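J.: Model the full assembly from the supplied sequences, consistent with the hints where possible.
So the protein lines, in turn, are chains A and B.
Counting with the numbering used here, you get residues 1 to 263 for the letters of the first sequence.
Counting with the numbering used here, you get residues 1 to 239 for the letters of the second sequence.
Hints were generated in silico from the structure; no laboratory data involved.
Mixed in with the good hints, there may be bad ones.
To be verified - In the EDC-like style, the derived pairs of lysine to aspartate or glutamate whose C-alpha atoms are separated by at most 20 angstroms in a straight line are: (1) B/Lys155 <-> B/Asp180; (2) B/Lys74 <-> A/Asp253; (3) B/Lys58 <-> A/Glu200; (4) B/Lys74 <-> B/Asp60; (5) B/Lys155 <-> B/Asp202; (6) B/Lys74 <-> B/Asp153.
In this text, all values refer to a predicted model and were calculated from it rather than measured experimentally.
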Amino acid sequence: MSGFWGVTRAIVGREFLRFIHQRERFIAALVRPLVWLLIFAAGFRAALGLSIIPPYQTYVTYETYIVPGLCAMVLLFNGMQSSLSLVYDREMGSMRLLLTSPYPRWWLLFCRLFGSTAISILQVYAFLGIAAAFGITLPPLGYIAVLPGLILGGLMLGALGLVLSSFISQLENFAGVMNFVIFPMFFLSSALYPLWRMAESSPLLRDICALNPFTHVVELIRFLFYLQINLHALAWVVLSTALLSLLALWGYDPARGLMKRKG
Amino acid sequence: MTGGLVVRGLSFDYGPKRALDGVSFDVPANRFCALLGPNGAGKSTLVSLLTRLLVAPKGDIRIAGHDLRATPRKALAELGVVFQQPTLDLNLTVRQNLSYFAALHGLARSEVPGRIDAALDRLDMRARADERARALNGGHRRRMELARALLHDPKVLLLDEPTVGLDAAARQAITEHVHDLADQGFCVLWATHLTDEVRDSDALLVLHQGQIIATGSTGDVRGDHSLSDWFLSQTGATV
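T.: Structure below.
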């Protein structure tokens with residue numbers, strides 16, 4: 001068992017070291033949601049009126065409304081960043097080193113997933129800290145209550161990153177991920193506007209948003225901030241995490257041959 | 001053959017293209033075996049199968065007596081690998097790279113520093129332990145990868161064209177060192193397309209178009225020809 005723990009420590013530790021070496025990545029991960037929070041939200045607060053919907057019991061400012069969505073955005077971008085670094089690892093050869101460890105491949109991949117999730121959560125709390133410094137705060141206990149939601153959401157989006165990395169054969173193809181995964185996932189969700197607002201302009205779009213697992217990550221986080229559990233969102237996120245993890249394991253199955261395309 | 005490598009009936013296809021076709025061979029312990037083949041012969045596919053990056057639908061691989069399909073953990077624990085493509089994290093120091101590998105192989109934390117020192121001493125690399133891998137030249141990086149491959153005390157050593165990109169002196173040094181390791185008891189499989197890395201006393205496997213076309217002691221296989229001429233005549237490859 002100590003061997004399993006050693007492998008976990010090594011893989012997670014390496015993810016942290018890599019993160020520390022990429023200071024720009026940390027700054028970008030913080031600046032991105034802050035731009036949305038401090039510029040976009042300020043500009044749109046008048047245009048986008050919100051009614052009182054659960055979990056809110058009073059009117060909230062637009063800035064407060066989009067904080068959970070921006071937390072999920074940090075998780076989403078970090079999941080994709082992790083996918084990018086997996087593809088990079090494969091091109092640079094260090095993936096071979098990881099996958100030829102005698103430990104089970106599912107465990108090695110889970111450690112990678114766990115490491116990238118831990119880094120995501122660190123970034124989310126740094127973002128929440130800066131948001132609080134600008135006066136955008138949430139219930140104090142919510143900062144603790146949200147942690148399981150962040151872990152689950154991070155694992156789901158990290159698993160999505162793993163799946164993508166197993167299907168992307170070259171780094172150059174990564175720009176497509178931005179266009180076809182990140183943007184649709186983010187904009188077709190409840191991160192920036194509640195679903196009822198979306199339904200006003202298009203019921204079809206609302207239905208698509210309701211099927212988007214990212215919407216449920218956002219809602220899970222939103223409710224946990226207010227010390228409530230949205231069971232519907234929780235079930236969606238758990239199910240999506242399980243399915244994406246299975247798909248990632250299939251993608252990295254040696255019998256299927258991840259390395260085939262690399263020769 | 002408990003300490004060596006046994007391969008039986010190994011075939012592998014990339015879609016409709018057959019990469020390996022019924023490959024079988026034995027490499028005993030205490031032996032340096034050169035796997036010679038032109039580019040595209042199937043050497044890298046064979047290495048991927050031996051390291052379980054790929055799994056073949058047909059054929060068996062036994063590493064130091066352990067079946068790679070049935071007991072992959074035990075089999076991989078007995079295998080040290082130097083890949084053709086460098087697999088170092090250039091931002092980490094030599095010691096950090098080795099520690100990472102040691103953890104991936106489940107070595108006890110308390111014994112890792114001692115093992116790293118011993119492996120680096122063996123390759124005369126101890127003085128460079130705290131340098132970043134990026135600061136090392138190509139020859140030293142390869143030596144470090146070789147030290148890393150020995151860290152967990154494997155019985156079988158697999159090297160896939162390990163001299164690619166090295167200058168003549170570094171090539172010679174690493175080739176000699178690995179021959180020494182075979183003399184010390186390791187089972188060594190050295191994949192290459194360069195005939196000057198192979199000695200007459202080495203075991204030889206010649207892979208061409210996915211099949212083993214010759215096997216035996218190098219001196220016997222080449223007969224009166226130079227190995228280079230013999231290899232060229234058999235495969236039409238340039239060396």
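J.: Checking each numbered hint in turn, tell me which of them this model violates, lowest number first.
T.: Number 3 - this is the single hint that the structure violates.
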